[in-house]
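Trainee: Sequence:
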Amino acid sequence: MALWKIVTLLCAATLYAEAKWNHHQKREIKPSICDPGYNKTNKVQCYCVKDIRDPAVVRSADCYLTTEGVGEDDMIWNEFKILKSAHKLTLSNSRGITLKYIPKKIFNETIELQKVDIKYGLIEKVVAFAFANLSTLEDITLRDNQISVLEQNAFAHHRDLTIISLDTNKIIEINRDVFVDLPSLEKLYLTSNKITTIHDKAFLHLSNLRELEIDRNGLFSLNSETFSGLKKLQKLDLSSNSLEVIGDNTFLPLVNLLSLNLGGNKIQMLDDRAFNGLVKLQSMSLAHNKLADIDNVKVFEGLEGLVSLSLRANQLKQLKPEVMAPILTNLQGNMSSLDVEDNNFPCSCSLDWFIISLLNKTQNNHLKIAIENLKCLPDASLREAWAKTDETDKNTGQVFEDEESQLQNADYEYYDDTQLNGRLFYIDVRDLLNCTNSSKRHTPVTAATSKTPVPSTKVTKATSSPTTVKPKIETTEITKEINNVNNIVKANPKAAKGDFTTTKLATVSSNPIDNNLYDQDMASDDPKPDKIKAHRSVQDINDVPNARPNSAINNVGCVTLVLLCSRLSFY
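Quick note, the sequence shown lines up with residues -19 to -1, 1 to 552 if you use mature numbering (1 follows the signal peptide of the UniProt record, and there is no 0).
A portion of the hints provided could be inaccurate.
As the list claims (entries may be wrong) - Pairs of lysine-lysine, DSBU-like flavour, derived with a Cα cap of 30 Å:
| # | residue 1 | residue 2 |
| --- | --- | --- |
| 1 | Lys81 | Lys212 |
| 2 | Lys298 | Lys279 |
| 3 | Lys24 | Lys100 |
| 4 | Lys81 | Lys151 |
| 5 | Lys151 | Lys106 |
| 6 | Lys86 | Lys65 |
| 7 | Lys182 | Lys247 |
| 8 | Lys247 | Lys279 |
| 9 | Lys168 | Lys247 |
| 10 | Lys100 | Lys168 |
| 11 | Lys182 | Lys213 |
| 12 | Lys175 | Lys100 |
| 13 | Lys213 | Lys175 |
| 14 | Lys375 | Lys342 |
| 15 | Lys298 | Lys369 |
| 16 | Lys212 | Lys151 |
| 17 | Lys24 | Lys212 |
| 18 | Lys247 | Lys261 |
| 19 | Lys151 | Lys168 |
| 20 | Lys106 | Lys212 |
| 21 | Lys271 | Lys151 |
| 22 | Lys182 | Lys271 |
| 23 | Lys65 | Lys182 |
| 24 | Lys212 | Lys182 |
| 25 | Lys212 | Lys168 |
| 26 | Lys213 | Lys86 |
| 27 | Lys85 | Lys151 |
| 28 | Lys85 | Lys106 |
| 29 | Lys261 | Lys213 |
| 30 | Lys62 | Lys100 |
| 31 | Lys213 | Lys298 |
| 32 | Lys247 | Lys213 |
| 33 | Lys151 | Lys182 |
| 34 | Lys261 | Lys151 |
| 35 | Lys301 | Lys271 |
| 36 | Lys298 | Lys271 |
| 37 | Lys301 | Lys342 |
| 38 | Lys261 | Lys212 |
Honestly, the hints are just simulated from the structure, not real lab data.
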């Protein structure tokens, strides 16, 4: 009996000592920012993607704050040393807790980062040398914050940096020396800010920049020093600003520019040498401005490569032959594009030279259709004459198509006067204008001259049902932009290899991580990042340092010994 008590006491003491030791070990293991979601003690939680060949190495992390009031010097930022081999870091607002500063302390530990994405925060400024320790950085995204100030040297001395995205912030001005010593920078996105001023030579150090987007801002003036240093720029988007005048030599430094978008401004005047130096320009948009007249005969001189021009939705009343002459030949090519719709052209012979010249000489069937669809504003006498002609056609049965054939033909669009806004198609009222050579009525594109049959047009007086017949041709801005891009790529083979793109979507790391190579671990309450499959299981035992083997066998042995001793005591 005494032996049984002694053995029982010894086993109990052993179990207690082991439990005590295990508890002590657990207390010594500090929680990691990459721990799964059941660990709620950290101020920052991260979804971490680990290298499958070495689970101790984290390759990327999507992180978010879990508590308010985390300061720039908080010790939690030291925990990012676990990301010392990471290539990508994202800091976002996943719980409604916003980041109000760029946590520079992180970058003391994560020196191998190639892409940094800090979004949906309340960051108000980018301080000098904010990313100074990241010598391998290639992509910085700070979109959807509240940034209003870029200090000098905010982005400086990053030899591999290729993309900076500052879209959707509150930046007011671009000072000189904000972007310094960035020899590899190719894309700079400043869309949807409040920029009113760009200081002279602000981009002087960006000698390899290919794309610059400053659309949807408040710019009201530019000068010849604004774009100094951008000798390799290929795409410039200045649309949706408040520009009123394009002065002489504004774009002179941009000797390699291919695409220029000035649409959606308030431009009223183009100086004689407004586009001087743009010898390689292929596509230009001046759509949705306030141009009432382009009378400077030299304004388009030197644009030897221009094959796409949009003057849509201005207030133009005429296109002068001497003004259009330098680029008219370019616009006759098979890949050319010209949009002059939605202007204030009167129905007069002043348009005749332009219409007939392009219709007879252009090789582009889409452009021919666009010219045939060109609308003009008739005066009272012409409108009356047209109404009489239309009535005569109806009475003599010479309407182009009857109602039944119209319904069966899907290749037409039908307009009434409410859709035309009081305008008429110039090509159909030309005979009534008695212009020179008007007796030689233009023959529309047909199957004999085009692979796509296009019927002649006939406009009739508005009735209770739409009767105006026009070819249904897609002439939207999107179609034109696609043509423009194709032209640019064709003319510049390097563009097809990625040197020139026309969208900002591709703001990704130039060396993306292959997700197939990594194991994945995610906090249970963190949203699942795009294109990453979350693995929600508890961490493998290999992730816990100095883990002890399972002691269940020892416990079973003790119990067995106690039972054996108790049985022997009865003998």
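Trainee: Please go over all the hints and tell whether each is borne out by the structure.
Mentor: For each hint, the structure was consulted:
no.	hint	in the structure
1	Lys81 - Lys212	violated, 36 Å
2	Lys298 - Lys279	holds, 19 Å
3	Lys24 - Lys100	holds, 18 Å
4	Lys81 - Lys151	holds, 14 Å
5	Lys151 - Lys106	holds, 10 Å
6	Lys86 - Lys65	holds, 13 Å
7	Lys182 - Lys247	holds, 24 Å
8	Lys247 - Lys279	holds, 21 Å
9	Lys168 - Lys247	holds, 26 Å
10	Lys100 - Lys168	holds, 18 Å
11	Lys182 - Lys213	holds, 15 Å
12	Lys175 - Lys100	holds, 18 Å
13	Lys213 - Lys175	holds, 26 Å
14	Lys375 - Lys342	violated, 34 Å
15	Lys298 - Lys369	holds, 26 Å
16	Lys212 - Lys151	holds, 28 Å
17	Lys24 - Lys212	violated, 47 Å
18	Lys247 - Lys261	holds, 25 Å
19	Lys151 - Lys168	holds, 19 Å
20	Lys106 - Lys212	holds, 29 Å
21	Lys271 - Lys151	holds, 27 Å
22	Lys182 - Lys271	holds, 29 Å
23	Lys65 - Lys182	violated, 37 Å
24	Lys212 - Lys182	holds, 12 Å
25	Lys212 - Lys168	holds, 14 Å
26	Lys213 - Lys86	violated, 35 Å
27	Lys85 - Lys151	holds, 21 Å
28	Lys85 - Lys106	holds, 13 Å
29	Lys261 - Lys213	holds, 11 Å
30	Lys62 - Lys100	holds, 22 Å
31	Lys213 - Lys298	violated, 37 Å
32	Lys247 - Lys213	holds, 28 Å
33	Lys151 - Lys182	holds, 21 Å
34	Lys261 - Lys151	violated, 33 Å
35	Lys301 - Lys271	holds, 17 Å
36	Lys298 - Lys271	holds, 12 Å
37	Lys301 - Lys342	holds, 18 Å
38	Lys261 - Lys212	holds, 12 Å
The structure does not agree with the numbered hints 1, 14, 17, 23, 26, 31, 34 stated previously, though it agrees with the rest.
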